[in-house]
Amino acid sequence: ELKVEQNPLFLSMQEGKNYTIYCNYSTTSDRLYWYRQDPGKSLESLFVLLSNGAVKQEGRLMASLDTKARLSTLHITAAVHDLSATYFCAAANAGGTSYGKLTFGQGTILTVHP
Amino acid sequence: DGGITQSPKYLFRKEGQNVTLSCEQNLNHDAMYWYRQDPGQGLRLIYYSQIVNDFQKGDIAEGYSVSREKKESFPLTVTSAQKNPTAFYLCASTLTGAGNTIYFGEGSWLTVV
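Protein sequences appear in the order of chains C and P.
Going by the numbering used here, the first sequence opens with residue 1, and the numbers climb by one from there.
Going by the numbering used here, the second sequence opens with residue 115, and the numbers climb by one from there.
Think of the hints as simulated: they come from the structure by calculation, not from any bench.
Since we're looking at a predicted model, the values are computed, not measured.
Please note that the accuracy of each hint is not assured.
[To be verified] Selected chain C positions facing chain P (in silico; Cβ < 10 angstroms): (1) 4; (2) 6; (3) 17; (4) 19; (5) 28; (6) 35; (7) 40; (8) 41; (9) 42; (10) 44; (11) 48; (12) 83; (13) 86; (14) 88; (15) 100; (16) 105.
Note that beta-carbon positions come from the ideal geometry of N, C-alpha and C, so glycine has one too.
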């Protein structure tokens with residue numbers, strides 16, 4: 001059974017600082033997703049990572065995937081208040097053909113303060 | 115504009131009632147999904163469908179039912195058998211293929227009164 005764990009679950013950051021959110025998954029996965037959720041809102045897709053060593057960047061966010069370590073990271077550079085949200089990672093079973101069948105982590109609540 | 119439309123956004127259910135949440139997409143996606151989110155937690159898969167007239171149970175299907183009579187529509191019924199239905203329900207869809215983005219609707223809040 002695929003399990004996904006994120007840490008930390010709560011992250012309070014100062015503006016301008018860097019930090020990393022970690023996402024570990026328990027069994028082989030060939031797809032790793034990162035989503036952002038604002039309070040009371042739906043999920044916004046951030047990154048889709050498909051292969052070992054994949055790295056994607058958008059603005060102050062950078063995601064990477066190490067399939068051997070079963071680990072994905074979301075790195076935040078020079079945080080700004082607008083990044084305050086809950087961030088989820090989600091993984092799919094390797095070889096599965098149902099592409100939206102995901103197992104989600106618990107979410108990391110990020111708060112950026114002055 | 116293309117997207118996923120869920121309705122209603124807020125719904126109150128009395129004990130013993132069945133309620134149906136609507137999900138419509140105009141993205142021409144083959145696969146559709148229903149997830150449930152409880153406060154402070156991640157999402158859990160209820161049901162999914164990869165083609166019309168076919169669907170499979172997810173991890174927490176008990177107390178729910180679905181249908182897929184049209185490609186663009188995947189309604190979810192929360193039955194009276196679901197003992198703790200208060201949650202945020204999210205519908206998602208995607209094209210087949212590993213690299214495709216999975217899109218989510220705006221969600222429906224269901225509260226039991």
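inquiry  = Run through the hints listed earlier and report the numbers of any the structure violates, in increasing order.
reply    = 3, 4, 5 and 12
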